[in-house]
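The hints should help you fit chains P, R and F with the ligands onto chain A, whose structure is shown.
Protein chains in written order, with the numbering used here: chain A, 4 to 374; chain P, 4 to 374; chain R, 863 to 1184; chain F, 863 to 1184.
For the record, the hints were derived by calculation from the structure and aren't laboratory data. Idealized CB from N, CA, C, for every residue including glycine. It cannot be assumed that every hint is accurate.
As the list claims (entries may be wrong) - Under the rule of at most 25 Å between Cα atoms (straight-line distance), these lysine to aspartate or glutamate pairs were calculated in the DMTMM-like manner:
id, chain 1, residue 1, chain 2, residue 2
1, P, Lys248, R, Asp1049
2, P, Lys294, P, Asp37
3, P, Lys59, F, Asp1170
4, P, Lys349, F, Asp1170
5, P, Lys88, P, Glu244
6, A, Lys294, A, Glu110
7, P, Lys323, F, Glu1164
8, A, Lys205, P, Asp37
9, R, Lys1162, A, Glu110
10, A, Lys7, P, Asp223
As the list claims (entries may be wrong) - Computed beta-carbon distance windows for the label pairs:
id, chain 1, residue 1, chain 2, residue 2, range
11, P, Met4, A, Val6, 45 to 55 Å
12, P, Arg356, R, Asn865, 28 to 38 Å
13, F, Asp1049, P, Arg62, 34 to 44 Å
14, P, Pro126, F, Arg909, 30 to 40 Å
15, F, Phe1042, A, Lys88, 51 to 61 Å
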Amino acid sequence: MPVKTVFKTSIEHISILDENGKFDEKLGKGLIPDKDLVKLYEHMVTCRHFDEVAFKLQRSGRMGTYPENRGQEATSLGAAYALRKTDWLVPCYRENAGLYWHGLPMEFVLLHWMGDERGNQIPDDVKMTPLAIPIGTQMLHATGLAWAAKYRGEDTIACTFFGDGASSEGDFHEAANFAANLDIPVIFFCQNNGWAISVPTKTQCSAPTLAQRGIAFGMDCIQIDGNDIFAVVKVVREAAERARKHKRPTFIEALTYRLGDHTTADDSRRYRDEAEVEVWIQRDPMIRLRKYMTDRKLWDDQKQKVAEENAKREVSATVKRAEEIADPEIKGFFDAMYAELPEELKRQRDTMRTSSIGQDPNQIESPLHAH
Amino acid sequence: MPVKTVFKTSIEHISILDENGKFDEKLGKGLIPDKDLVKLYEHMVTCRHFDEVAFKLQRSGRMGTYPENRGQEATSLGAAYALRKTDWLVPCYRENAGLYWHGLPMEFVLLHWMGDERGNQIPDDVKMTPLAIPIGTQMLHATGLAWAAKYRGEDTIACTFFGDGASSEGDFHEAANFAANLDIPVIFFCQNNGWAISVPTKTQCSAPTLAQRGIAFGMDCIQIDGNDIFAVVKVVREAAERARKHKRPTFIEALTYRLGDHTTADDSRRYRDEAEVEVWIQRDPMIRLRKYMTDRKLWDDQKQKVAEENAKREVSATVKRAEEIADPEIKGFFDAMYAELPEELKRQRDTMRTSSIGQDPNQIESPLHAH
Amino acid sequence: MANLTLVQAINLALIQEMEDDDRVILLGQDIGINGGVFRVTEGLFQRFGADRVVDTPLAESGIIGTSIGLAMAGLRPVPEIQFEGFLGPAYDQLCSHAARMRVRTRGAFTVPLTLRVPCGGGIHAPELHSDSPEAIYAHQPGLKVVMPASPYDAKGLLISAIRDPDPVIFFEPKRIYRAFREEVPEDEYTIPLGKARIVTEGEEITMISWGASVIECMNAIEASGRSIELVDLRTIYPIDTETIVNSVKKTGRAVIVHEAPKTGGLGAEIASRIMEHCFLYLEAPIQRVAGFDTIMPYYKLEHEYLPDATRIGKAIEEITAY
Amino acid sequence: MANLTLVQAINLALIQEMEDDDRVILLGQDIGINGGVFRVTEGLFQRFGADRVVDTPLAESGIIGTSIGLAMAGLRPVPEIQFEGFLGPAYDQLCSHAARMRVRTRGAFTVPLTLRVPCGGGIHAPELHSDSPEAIYAHQPGLKVVMPASPYDAKGLLISAIRDPDPVIFFEPKRIYRAFREEVPEDEYTIPLGKARIVTEGEEITMISWGASVIECMNAIEASGRSIELVDLRTIYPIDTETIVNSVKKTGRAVIVHEAPKTGGLGAEIASRIMEHCFLYLEAPIQRVAGFDTIMPYYKLEHEYLPDATRIGKAIEEITAY
Ligand SMILES: Cc1ncc(C[n+]2csc(CCOP(=O)(O)OP(=O)(O)O)c2C)c(N)n1
Ligand SMILES: Cc1ncc(C[n+]2csc(CCOP(=O)(O)OP(=O)(O)O)c2C)c(N)n1
Ligand SMILES: [Mg+2]
Ligand SMILES: [Mg+2]
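Isolated chain A, as found in the complex:
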């Protein structure tokens, strides 16, 4: 046949709890038990407060550059909720909510942005990799981690988070391609928040959806309302099942929005309309969830007040822990370089305060003994 169709596909968009609080019973029923829902919402309250406090820490000079998470809580949190504690989360830097849920002590994130590597010294029992500063590079590590699990016959999987911007990097393509072709159980979770710093999503991907990135690899792809935690939980569960059972990766595009600036070093008024922000404020994942819970009598103002008070207590204790940690060992950046330090590094470490390191101290001390 001279013209034949050899491939056909489509991308579905899923939304369960929409921005007006309207809930689709058919898709959403039984997805998240009420008890858990309340916990997830309370967790969001804490994370939102954490975010505000972190912002203020930066503004008052107590912390370095910080990327606000505000507005994107539902994505990583829904994913972490849908996954197992033994699964790997491989984050970028806007996934605090999911990471805390997964077990990361909150002060780690503060320490990290305070310029302290101990914020990356992830406890053994928390299955996550450190925050990723270089964009688009961590997805390959996720693929490797999941591959290792498969190699060992475990049913552990990995879920990696990244932005719309990150999906332009070659490393994303390679990670997805390895996963698809070598049957590696990894979920590619793209948080399309409309912007990569000042660059709008259409410069990263002029196609109608980002979800279709995954078609290139023959992967299951789906687009969801990323501010709808129900949709997140649903598709991550399905993706996890696909990964665990069939060792097949999935590409998820979650439509969301960062309500704050890119980081505290950014001023988003330079490049985006206030009106756009206004629209998205209405789509805040927390507003609709609170409304839904309130409608269902799971929540009320009193509970909100308690949640906020708890959040304050927890966050201020977290800040305290981060700020009270002893100064890092000055030699720490030497000692962790290798399992065993080469001689030259030992010498540099041991003389870092006493010599210029420009010279072998022995030679300096006794140059004339030489000849």
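Chains P, R and F with the ligands alone, transformed into the frame defined by chain A:
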């Protein structure tokens, strides 16, 4: 709506002159005038012979590693025929037929594989870039070249060739993504010949088609029978039109096969079945074209004989030109490093035969004048 | 004359080159409406439009690879990579392609691109925002590498770089982007690539540095009270061996200061060249005051890493005591 | 004991480490059924199966990036990059990730991968198949870099590399893959990383080299008839300064030989270290016999580029005449 389809697409496969010589009048009529068809076939005869001779040159130690083109002639040739002389061809290394058609003197390719950079010293009026040894890297250059043309308001476009293997490289993704999002007039022509050295296409792309790679970027994508020069000409013309008029890129997957080893350094019996090769020998682009032309009385054995004699003459003249070229300037690899040579490089060049370059010759000659 | 910061001097150079030559186009991440994350391209998008100041997808190899194509076609692209730590993904296009195109085509194609990259530590940034990879690119034949240490030099060197027919990496020491101002002529002027600058003349020691470290050297020299000749390399490759050697022949002692890790840093090359050219003039071994052979630590400790006036001062003491 | 080529010695080391430790898995292009383009992994796919000898997609960053993940999860991946010229696309994952993971997580994650890469010129290959990028990676803290010059060393060093808890780049000088054979013990043995080997003892000059150039040095030394101490570095990083310095203290003269371009090559670092450690012992400036500061030419001229016994011989003359 909780579940809605946000994107739909399909990939078509086009074939006009099939492997049995059956011709689809509807698609194929008027595509290539008879006169041109004869020329194209004659060109293939020459290129096929060139390929055999190049292989022998390598085997007899008169040339280095060489990648046989055999079986893939229709892709680049059809593309070059469909494009303008002012368009850029950005090749890999299996596109001799297209490059010669585009104007590259044949001996350039021999010189290149003889280990001589003058084989890359492309004449000004031949719009092509040198053969690309590092896989998957040239598509970005194509995108840049086409971008420059657009920037200048010219209607020049670029067509870049690469293999199934190359489509796994991150650089491919970035090139396609830039082209799609910045509206750059470039054609991505993927020659899926089933293998990347010993690695089958399914390891590069487990999706049903390679053509769907382009969906990731919202590009027009199409799959064709790459051994059918009519299909090639048709889709490249359409892609060129799309590029010239609308500055939109296209992804073309051409199904073809390399009948020889990967290069003269390879032994394909290690990894692929003779039976597979047998099937593809029947699909040779030249067999079907000759049959078609013979059926249409455009060709006969006598013409074949003449074409083969001409090919021999032309190729042996080419080999002569390549082998008779004067030895390269020994200092050539210095002098072309920069527009103006830095002092240190001049010194290295001028003393390369007289000193170790380990030392400033002045210091060696008169060390004792020093103090 | 205007009193400009380094950022402003670069901005001015870009404007003037773009006014003069419409082959000059800028591309990179956030360089458009946002004016760059350091505001180096502030106002250029508004002035020259979206065709000449192009926000690209977030892909460094893509930025350099397409710049190569643009340059092969005869344009003069000036790509920006946002931080030196993100040069990594572009390494291959820079070193395997931009650097080799002229020689491998025996001049049929050239790549007159100028890559602008902020570099170096000291601004309390997150990881991979504080490195000094200049030695990597100095080891790659076919590239030129430049790093200004002052607003005046920044303008003149950048104009030279853009006009240079070969690929140039123009490192911008971000620590001194706004650290001080300097008189910078309004008119266009060039500073030749490959020529060092003698910042202060001196008799006892030759001190060689580049980028933000030059300022540390000046402080250390002042504190030492000694007569030290400070050479600001300006161009990392090609190295101005002549200026260095002439100075060391006079002083007999050399100290090299750089932020990059000591092992395999450019200090090694300079020390070796000095030895090759004026071994018998040396009164003491050449000192390299450099970053440690470690990863630049996160910012709580970055001041421990960066060679500062104190460490340079120690080197001055040590080398004079020798 | 068997009489093996370098290729065979590596193959044997891989087999033995894979037998001993099922955390060791190989990944790369054409390493499976094809046994690698140099046949280094010949027979391993058949022996260990497709799970442990994995043909990957054609993507170098992917190979290293997934290896990092595999290693972070506790495996011992041994990726292969087909030629050193294709390390470029993997540069970022190697230098920004593999090298930094331990220190940036203060040991919470480590990356015990061993990257095998054929390197160097002299086999009449096409472009980007003949480079010597070892200095680039020696300048990157967090990596170890190894290059054997003999079958015996290849086996012992590779086993050490695979067992090393940190990322190691294992460069295989392709020119001597099959150039000669050597007795190689059947049993597993290790050669410590970071320790050089004294190939021949001598009194007049210390000659330092690594990889295929060691053979050129041996030829040059023989031709010179002089008493020259030849040090084969074996490990490029960490450099065995002690062995070098002790030798130069004895001879007072040093010649360093490498294929990579001279400027910024490892020779500069070694020369600088010698000066830092035994300046007053030096009777003559240290010589660097190296590749020129050009791109390695296509193969018609590659013999003009590679430092050979003739050029090394000149350096011997020059340094003794000094
Ligand atoms: C490789 C690399 N290039 C550039 C940067 C600078 N940078 C930091 S964040 C960012 C935008 C990221 O956008 P996206 O992936 O959409 O994530 P978002 O911040 O929107 O969550 C850029 C360009 C970087 N960190 N890494
Ligand atoms: C970046 C890079 N990696 C690896 C290689 C080694 N290599 C040369 S050709 C080849 C296979 C290419 O396959 P494909 O792209 O399908 O092109 P084909 O040879 O089949 O036409 C490989 C792996 C290379 N040249 N460049
Ligand atoms: Mg984003
Ligand atoms: Mg192929």
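Status of each hint after checking the structure:
Simply put, Lys248 of chain P and Asp1049 of chain R have alpha-carbon atoms about 42 Å apart, too far for the 25 Å limit, and the pair is violated. At roughly 14 Å between alpha-carbon atoms, Lys294 of chain P and Asp37 of chain P fall within 25 Å of each other, so this suggested pair holds. Restraint check for Lys59 of chain P and Asp1170 of chain F: the C-alpha separation of about 31 Å exceeds 25 Å, so the hint is violated. For the given pair, Lys349 of chain P sits about 20 Å from Asp1170 of chain F by alpha-carbon distance, which is consistent with the 25 Å threshold.
Our distance criterion of 25 Å between C-alpha atoms is met by Lys88 of chain P and Glu244 of chain P, whose separation comes to about 15 Å. For the suggested pair Lys294 of chain A and Glu110 of chain A, the alpha carbons sit about 30 Å apart, so the restraint of at most 25 Å is broken. At most 25 Å may separate the alpha-carbon atoms for a hinted pair to count; Lys323 of chain P and Glu1164 of chain F meet this at roughly 23 Å. The suggested pairing of Lys205 of chain A with Asp37 of chain P is violated, with an alpha-carbon distance near 45 Å, which exceeds 25 Å.
Taking the CA atoms of Lys1162 of chain R and Glu110 of chain A, the gap is about 16 Å. The hint holds against a cut of 25 Å. A threshold of 25 Å between alpha carbons decides the hint, and for Lys7 of chain A with Asp223 of chain P the separation of about 16 Å falls inside it, so the pair holds. Look at Met4 of chain P against Val6 of chain A: about 33 Å separates their beta carbons, and that is not inside 45 to 55 Å. A hinted range of 28 to 38 Å for the beta carbons of Arg356 of chain P and Asn865 of chain R is inconsistent with their spacing of about 54 Å.
The hinted range of 34 to 44 Å is satisfied by Asp1049 of chain F and Arg62 of chain P, whose Cβ atoms lie roughly 42 Å apart. Take Pro126 of chain P and Arg909 of chain F: their Cβ atoms lie about 52 Å apart, and the range 30 to 40 Å is violated. The hint said 51 to 61 Å for the Cβ distance between Phe1042 of chain F and Lys88 of chain A, and at roughly 55 Å that hint holds.
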